[in-house]
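**Student:** Please build the complex by placing chain B on the supplied structure of chain A, with the hints as guidance.
Protein sequences, first through last, are from chains A and B. For the first sequence, our numbering gives the first residue as 10, with consecutive numbering after it. For the second sequence, our numbering gives the first residue as 10, with consecutive numbering after it.
Check each hint, because a few of them may be wrong.
Which copy is meant is left open, so a pair is good if it fits within one copy or across any two.
Straight line, CA to CA, 30 Å or less: simulated DSSO-like cross-link-like pairs of lysine-lysine [stated by the list, open to error]:
{"no.": "1", "residue 1": "K147", "residue 2": "K164"}
{"no.": "2", "residue 1": "K164", "residue 2": "K43"}
{"no.": "3", "residue 1": "K239", "residue 2": "K43"}
{"no.": "4", "residue 1": "K271", "residue 2": "K164"}
{"no.": "5", "residue 1": "K164", "residue 2": "K313"}
{"no.": "6", "residue 1": "K28", "residue 2": "K164"}
{"no.": "7", "residue 1": "K313", "residue 2": "K198"}
Hints listed in this document are in silico derivations from the structure and should not be mistaken for laboratory results.
Protein chains: 2
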Amino acid sequence: MEKENRTELSELGEFGLIKHLTDQILLQNKSSVKGIGDDAAILRAPEGQSIVVSTDLLVEGIHFDLSYVPLQHLGYKSVVVNLSDICAMNAIPQQITVSIAVSNRFSLEAIETLYSGIYRACEFYGVDLVGGDTSSSKSGLMISVTAIGYAPEEKIATRSGARESELLVVSGDLGGAYLGLQVLEREKKVFLETKGVQPELTGYDYVLERQLKPEARKDIVELLAALDVKPTSMIDVSDGLASEILHLAEQSDVGFDLYEEKIPMSPRTAETADEFNIIRTTCALNGGEDYELLFTIRQSDFDKIKGNPNLTVIGHATHSASGCRLITLNGEPIVLRAQGWDSMK
Amino acid sequence: MEKENRTELSELGEFGLIKHLTDQILLQNKSSVKGIGDDAAILRAPEGQSIVVSTDLLVEGIHFDLSYVPLQHLGYKSVVVNLSDICAMNAIPQQITVSIAVSNRFSLEAIETLYSGIYRACEFYGVDLVGGDTSSSKSGLMISVTAIGYAPEEKIATRSGARESELLVVSGDLGGAYLGLQVLEREKKVFLETKGVQPELTGYDYVLERQLKPEARKDIVELLAALDVKPTSMIDVSDGLASEILHLAEQSDVGFDLYEEKIPMSPRTAETADEFNIIRTTCALNGGEDYELLFTIRQSDFDKIKGNPNLTVIGHATHSASGCRLITLNGEPIVLRAQGWDSMK
Numbered sequence: 010m011e012k013e014n015r016t017e018l019s020e021l022g023e024f025g026l027i028k029h030l031t032d033q034i035l036l037q038n039k040s041s042v043k044g045i046g047d048d049a050a051i052l053r054a055p056e057g058q059s060i061v062v063s064t065d066l067l068v069e070g071i072h073f074d075l076s077y078v079p080l081q082h083l084g085y086k087s088v089v090v091n092l093s094d095i096c097a098m099n100a101i102p103q104q105i106t107v108s109i110a111v112s113n114r115f116s117l118e119a120i121e122t123l124y125s126g127i128y129r130a131c132e133f134y135g136v137d138l139v140g141g142d143t144s145s146s147k148s149g150l151m152i153s154v155t156a157i158g159y160a161p162e163e164k165i166a167t168r169s170g171a172r173e174s175e176l177l178v179v180s181g182d183l184g185g186a187y188l189g190l191q192v193l194e195r196e197k198k199v200f201l202e203t204k205g206v207q208p209e210l211t212g213y214d215y216v217l218e219r220q221l222k223p224e225a226r227k228d229i230v231e232l233l234a235a236l237d238v239k240p241t242s243m244i245d246v247s248d249g250l251a252s253e254i255l256h257l258a259e260q261s262d263v264g265f266d267l268y269e270e271k272i273p274m275s276p277r278t279a280e281t282a283d284e285f286n287i288i289r290t291t292c293a294l295n296g297g298e299d300y301e302l303l304f305t306i307r308q309s310d311f312d313k314i315k316g317n318p319n320l321t322v323i324g325h326a327t328h329s330a331s332g333c334r335l336i337t338l339n340g341e342p343i344v345l346r347a348q349g350w351d352s353m354k
Numbered sequence: 010m011e012k013e014n015r016t017e018l019s020e021l022g023e024f025g026l027i028k029h030l031t032d033q034i035l036l037q038n039k040s041s042v043k044g045i046g047d048d049a050a051i052l053r054a055p056e057g058q059s060i061v062v063s064t065d066l067l068v069e070g071i072h073f074d075l076s077y078v079p080l081q082h083l084g085y086k087s088v089v090v091n092l093s094d095i096c097a098m099n100a101i102p103q104q105i106t107v108s109i110a111v112s113n114r115f116s117l118e119a120i121e122t123l124y125s126g127i128y129r130a131c132e133f134y135g136v137d138l139v140g141g142d143t144s145s146s147k148s149g150l151m152i153s154v155t156a157i158g159y160a161p162e163e164k165i166a167t168r169s170g171a172r173e174s175e176l177l178v179v180s181g182d183l184g185g186a187y188l189g190l191q192v193l194e195r196e197k198k199v200f201l202e203t204k205g206v207q208p209e210l211t212g213y214d215y216v217l218e219r220q221l222k223p224e225a226r227k228d229i230v231e232l233l234a235a236l237d238v239k240p241t242s243m244i245d246v247s248d249g250l251a252s253e254i255l256h257l258a259e260q261s262d263v264g265f266d267l268y269e270e271k272i273p274m275s276p277r278t279a280e281t282a283d284e285f286n287i288i289r290t291t292c293a294l295n296g297g298e299d300y301e302l303l304f305t306i307r308q309s310d311f312d313k314i315k316g317n318p319n320l321t322v323i324g325h326a327t328h329s330a331s332g333c334r335l336i337t338l339n340g341e342p343i344v345l346r347a348q349g350w351d352s353m354k
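Isolated chain A (complex conformation) (with noise of 0.2 Å):
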């Protein structure tokens, strides 16, 4: 993968492998007593916490493509996939482990910059690396990653708590990281079938990196702290808007009205969209990877959050007998179905 330096990892071993990637952490949180080296991480949960704990698993040509999401992105990514769900809780991450299987494919110097992207995250979110495993693989890479954070039990905020006629609320804007997937797979279409054509990438830098470095919303968790607003019920865009509203609506039983007119998209998401003739409201219905909040609030808490360019109200909860609806642009309702990000590719 690199033309200048190639160190094989067979020459420092799994031990070695793991104290060369890892001996250079310096932990920051209090709630982080012992990080790696021992038989395991040692961590004190803030006086009256609760503990949230996650899981995520990224497979290579499943769930990423190295030929066109560059190491460090895929690094950064897989931790903040995993920040998200702990977001998705109201609570705050502190630590991750990381474990990853690699082949010989791979070069000390690849897995060097694969963890300058995990470090860049957790510098970035504030995150202890505390523990981890490094494997042999047969074929290709495979990231797991285990999330923890905390918050007091009264503010966790799960997929259940949602009442009939409170707010629908989503942060950020929509749509762009199934976008961003469009335009790389395209320019990969053209570069393989046209030799020596590079890749056409200007002039999609939003949408491209809202797929290869999507955020965790911690901003909005301590947004929602500071405004005193607690989400009633919330879980992060990973899917696409349909599927999470679906979610939100089977374990909270109740239904929702989704105005398609308050979905938030940024204007060079929906350029993109009509570009490649895709219907922007699809992309932000069943496109996935946003990593955005979805949540509900008590209509008293309207004012609260009324007017902060974040966070958007795009409907309410009903009657779990309504079911989910779409209210389109011309005031029709029809049936909300998730669609899923796989099953559009």
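**Tutor:** The following block gives chain B in isolation, referenced to the frame of chain A:
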């Protein structure tokens, strides 16, 4: 893998698979507030206790060979090796997360068998499965387990607390798991070379069980608490006694004298070693995967453990300048080296 029923994993999809595998779970620990089904699990550490976290990755073709490891045993063992790390901190495991990546070579029934082993371990050890992820893989099976346990901070035993003149103690007996592997590999070879010849495994039950169904010594953690003995340092024997002693020595800045005559070995392990023409002590020193606990105690605690059939004093800590030495049967000191389990193959 099965002759009768074969349901393709693709029939369920990713969400369907995890739901199918986990919808029977009843949480048994008070510390498990909410398990699978939200963005993250919610846990609550027992009052005043610290959290201990460990993670391991098991990769087909690297850590296990499905031609002789039954899937149920693999599931059990993948949990046990992680619980063992928690026990090695003198803590009690209470939760695990399990992520798997699996190729379409495996049927739903095969994955159910794997999970039946996982659940059996959960039940036996009183541990809750609270999270996980499932993914496709391009080749083979990969299992990532994270274990979480708890202990009062003052009871946690790390690798760095051993002091000169303290006693070195090991639980159970050693070398069996390594010889179990030798038996399995021999029979696999015979089977591949002479078609139709069935493997001859009778008479090797003990060493085979040590290899295929090891146990985490949670009982020893409980025993030490009952005897009011706090290990000053501790590690689990996963890579062979020599390697683990060297870890304790390095991280505690001491040396160790280990007495060959004291190393506990089952007569059945010894017989098998003789049959394979492998020096018995070598199996204990460099064979791995016994998952016994190796720890140091103060001399003043000796009376509390004396005569306990589960515990054997095998040596003592010395000044770091003395290094780590094996005192052989005829009284000669030789320098202890880590050879590790892999390098013996």
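**Student:** Work down the list of hints and note, for each, if the structure agrees.
**Tutor:** Against the structure, the hints:
| no. | hint | result |
| --- | --- | --- |
| 1 | K147 with K164 | neither (44 Å within a copy, 41 Å between copies) |
| 2 | K164 with K43 | both (27 Å within a copy, 14 Å between copies) |
| 3 | K239 with K43 | between (32 Å within a copy, 19 Å between copies) |
| 4 | K271 with K164 | within (27 Å within a copy, 55 Å between copies) |
| 5 | K164 with K313 | within (17 Å within a copy, 46 Å between copies) |
| 6 | K28 with K164 | between (38 Å within a copy, 27 Å between copies) |
| 7 | K313 with K198 | neither (47 Å within a copy, 71 Å between copies) |
This entry does not satisfy hints 1 and 7, going by the numbered hints stated previously.
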